[in-house]
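As they're listed, the protein sequences go chains A and B.
For the first sequence, my numbering assigns the number 379 to the initial residue and increments by one for each residue that follows.
For the second sequence, my numbering assigns the number 40 to the initial residue and increments by one for each residue that follows.
Hints in this document: simulated from the structure, not taken from any laboratory.
We treat Cβ as the ideally placed atom computed from N, Cα and C, and that holds for glycine.
There's no promise every hint is true.
Claimed, not checked - FRET-style restraints, in silico, Cβ to Cβ:
(1) B:Glu43 with A:Arg609: 29 to 35 Å
(2) A:Gly625 with B:Ala151: 47 to 53 Å
(3) A:Met612 with B:Ala151: 35 to 41 Å
(4) B:Ser103 with A:Glu517: 44 to 50 Å
Said to hold, decoys possible - For the chain A half of the interface with chain B, some residues (derived, Cβ under 8 Å), not all of them:
(5) Gln481
(6) Gly562
(7) Ser564
(8) Ala645
Stated by the list, open to error - So, partial list: chain A residues that the calculated Cβ filter (under 7 Å) puts toward chain B:
(9) Phe567
(10) Leu621
(11) Gly625
(12) Gly644
(13) Glu659
(14) Arg662
(15) Gly722
(16) Ser886
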Amino acid sequence: MNAPVKVFVPGDSSAVSIGADEVARAFPEQHAGVPINIVRTGSRGLFWLETLVEIATPAGRVAYGPVQAREVPGLLAAGLLQGADHPKRLGNIEEHAWLKSQQRLTGARLGIVDPRNIVDYIAHGGFAGLDAALAKAPEEIVRAVTDSGLRGRGGAAFPTGVKWQTVHDQKATQKYIACNADEGDSGTFSDRMLMEGDPFALIEGMTIAGVAVGATQGYIYLRVEYPYAARTLMAAIQTARSLGYLGDDIRGSGKRFDIAVRLGAGAYICGEETSMLESLEGRRGEVRVRPPLPAIKGLFGQPTVVNNVVTLATVPVILAQGAAYYRDFGVGKSRGTIPLQLAGNVKRGGLVERAFGLTVNELVNDYGGGTLTGRPVRAVQIGGPLGAYLPPSQFDTPLDYEALAAKNALLGHGGVVVFDDSVDMARMARYALEFCAIESCGKCTPCRIGSARGVELVDRILASRNGSRDADLALLDELCDTMFNGSLCGLGGMTPFPVRSALKHFRSDFERHGSNHLTDGAASAAQRSGA
Amino acid sequence: MTIEVAEVHRCVASAVERLGAQPGPLLEILHAVQDELGCVPADAVPLIAAALNLSRAEVHGVISFYHHFRHEVPGRTVVQVCRAEACQSVNGNVLADAVRRKLGIDFGETRADGKVTLEAVYCLGNCACAPSMMVNGNLKGRVDPDNIDELAAGWGVSG
Numbered sequence: 379m380n381a382p383v384k385v386f387v388p389g390d391s392s393a394v395s396i397g398a399d400e401v402a403r404a405f406p407e408q409h410a411g412v413p414i415n416i417v418r419t420g421s422r423g424l425f426w427l428e429t430l431v432e433i434a435t436p437a438g439r440v441a442y443g444p445v446q447a448r449e450v451p452g453l454l455a456a457g458l459l460q461g462a463d464h465p466k467r468l469g470n471i472e473e474h475a476w477l478k479s480q481q482r483l484t485g486a487r488l489g490i491v492d493p494r495n496i497v498d499y500i501a502h503g504g505f506a507g508l509d510a511a512l513a514k515a516p517e518e519i520v521r522a523v524t525d526s527g528l529r530g531r532g533g534a535a536f537p538t539g540v541k542w543q544t545v546h547d548q549k550a551t552q553k554y555i556a557c558n559a560d561e562g563d564s565g566t567f568s569d570r571m572l573m574e575g576d577p578f579a580l581i582e583g584m585t586i587a588g589v590a591v592g593a594t595q596g597y598i599y600l601r602v603e604y605p606y607a608a609r610t611l612m613a614a615i616q617t618a619r620s621l622g623y624l625g626d627d628i629r630g631s632g633k634r635f636d637i638a639v640r641l642g643a644g645a646y647i648c649g650e651e652t653s654m655l656e657s658l659e660g661r662r663g664e665v666r667v668r669p670p671l672p673a674i675k676g677l678f679g680q681p682t683v684v685n686n687v688v689t690l691a692t693v694p695v696i697l698a699q700g701a702a703y704y705r706d707f708g709v710g711k712s713r714g715t716i717p718l719q720l721a722g723n724v725k726r727g728g729l730v731e732r733a734f735g736l737t738v739n740e741l742v743n744d745y746g747g748g749t750l751t752g753r754p755v756r757a758v759q760i761g762g763p764l765g766a767y768l769p770p771s772q773f774d775t776p777l778d779y780e781a782l783a784a785k786n787a788l789l790g791h792g793g794v795v796v797f798d799d800s801v802d803m804a805r806m807a808r809y810a811l812e813f814c815a816i817e818s819c820g821k822c823t824p825c826r827i828g829s830a831r832g833v834e835l836v837d838r839i840l841a842s843r844n845g846s847r848d849a850d851l852a853l854l855d856e857l858c859d860t861m862f863n864g865s866l867c868g869l870g871g872m873t874p875f876p877v878r879s880a881l882k883h884f885r886s887d888f889e890r891h892g893s894n895h896l897t898d899g900a901a902s903a904a905q906r907s908g909a
Numbered sequence: 040m041t042i043e044v045a046e047v048h049r050c051v052a053s054a055v056e057r058l059g060a061q062p063g064p065l066l067e068i069l070h071a072v073q074d075e076l077g078c079v080p081a082d083a084v085p086l087i088a089a090a091l092n093l094s095r096a097e098v099h100g101v102i103s104f105y106h107h108f109r110h111e112v113p114g115r116t117v118v119q120v121c122r123a124e125a126c127q128s129v130n131g132n133v134l135a136d137a138v139r140r141k142l143g144i145d146f147g148e149t150r151a152d153g154k155v156t157l158e159a160v161y162c163l164g165n166c167a168c169a170p171s172m173m174v175n176g177n178l179k180g181r182v183d184p185d186n187i188d189e190l191a192a193g194w195g196v197s198g
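Next comes chain A alone, as it looks inside the complex:
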């Protein structure tokens, strides 16, 4: 009997959505006397090459892609298990320019390890950060995070170490680590990839946070739209607990920390930290007025670290490699790496983790290869539904916090959605306001009422043929001003970014419609009535 050959097939939900499960099932138990051992990994993040199959050969991993299930028999016959030549053979995927040019720190193990196998995690450097942290005093852990320059990757970019220091300094019998896994921004999927592809990194990061600030309980607030991530996370937590990486005596240190997963229920606003805390407490996800800050009075009224998945999953590498190692990546006040997510109408979409400083042009055109449709790029939206639209004339902007802020834009959670020249930017502005109206928690008036009035205003602008349009455009700008300045949180406060940027850079889209312009809802109603 020959030794079994390992075949790596992603189990990442994006890969599964385009056939990875069928590919995995298409492999027989053995081929020509060689047993096949299928290992389901996360995704490397080169989604245009999914399903990306890798074979463990004596000379290293050899990749093939994109593979469809019906191609598997032919690939096997061509000698796939030996890494033989084939039109779909990509060789060592880590030498592929798209991946080789990246700096994978947070996503170092994505697509490589079996996400449910803790031994695999440890073999690839896992828990080195926790071991380093347990050898330090809590203050030293916090200092390492502060010195690394890490800022919140959920979108607010608040210095993580400063937040941890605040929680550390509070006197309380109970403190919490609340991980925000409510990744609701369109165009983002780095949290999902990490939870599905390397869940132990998040568990390790949360444990380090707990040890640093004196919290014994962690919650992962996971959006219900991510059932694949939920299954992987829960399995990983169970494994970590059974082996003493979570529980009453972490790694024999005498320190206690445990994690529970709590599912959201389809409310975008619950990605806002105070709304998330309300939801975790079992209430309507209405935004809290700050102060008090969650770091002082957070979950169940106790001091709470609220961090995003990427932020927490980055902590282990900082502790393992040192603050200086991480800080040496990046530019200006944007230190370290940022997992950018390239999405939408783009030829080569996926995960691009790079040191801060990459320009929009490099991301969209060099990595992305332009649009999927082959038409010219007309706009990108950066940072989710509350992020600004940028025209190609601004694509020389570096993707860092300060450079984007200078352009009235924001990096947010690092999602970049590409649109070709068929996009109607007035319609996108209308959608931004409509989305805000659908998802508003209703607590403050500028968001709750402003968004609804905004949708009506855009409809009126698009329907008008005469001089009232200019007055309505001015009114829309005023409404944006009120929402920006008067809203309690970022939902109402940042919806003006996509609206105003669309108005500024694509004003002609607001001026070319006639009175017979059909809005989305009107069009579908017409279609349903057979019109």
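Assemble the complex: chain A is given as a structure, and chain B must be docked to it using the hints.
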């Protein structure tokens, strides 16, 4: 389709017993009830309220706040179509209209024959393989609106 009152009682009691001792358990209990019954029926509201020492208004307020919770049992297949920007950038609106037209229902509705419930969702995290939908919890990417007949046949809807 209605759910027997006794069934609602049993389901709520079981969820409260398993989850009620946790801090802030309401969402967890609502999830457990919906996972089992397909929805959170009106009969469950006073039972949950009494068990958690909340008012019925508070429980109703939480249920109605979250898009995920339903008041009625859904169709055999729940189709959730992503309506967010990344999907829109690759003809997501065309897909959404094709699904609506094919099923003869709008978002938030269930077909009269009980075969399909159609829901709008805002991002499934599949934005590099858009447009996307989730069918009974299974993610589908790069969905081609031209394949709507084949897709619908899989949901038991033809013609």
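Against the structure, the hints:
no.	hint	result
1	B:Glu43 with A:Arg609: 29 to 35 Å	holds (31 Å)
2	A:Gly625 with B:Ala151: 47 to 53 Å	holds (52 Å)
3	A:Met612 with B:Ala151: 35 to 41 Å	holds (37 Å)
4	B:Ser103 with A:Glu517: 44 to 50 Å	holds (46 Å)
5	Gln481	violated (20 Å)
6	Gly562	holds (6 Å)
7	Ser564	holds (3 Å)
8	Ala645	holds (5 Å)
9	Phe567	holds (4 Å)
10	Leu621	violated (24 Å)
11	Gly625	violated (17 Å)
12	Gly644	holds (4 Å)
13	Glu659	holds (4 Å)
14	Arg662	holds (4 Å)
15	Gly722	holds (4 Å)
16	Ser886	violated (20 Å)
In this structure, the hints that do not hold are numbers 5, 10, 11, 16, in rising order.
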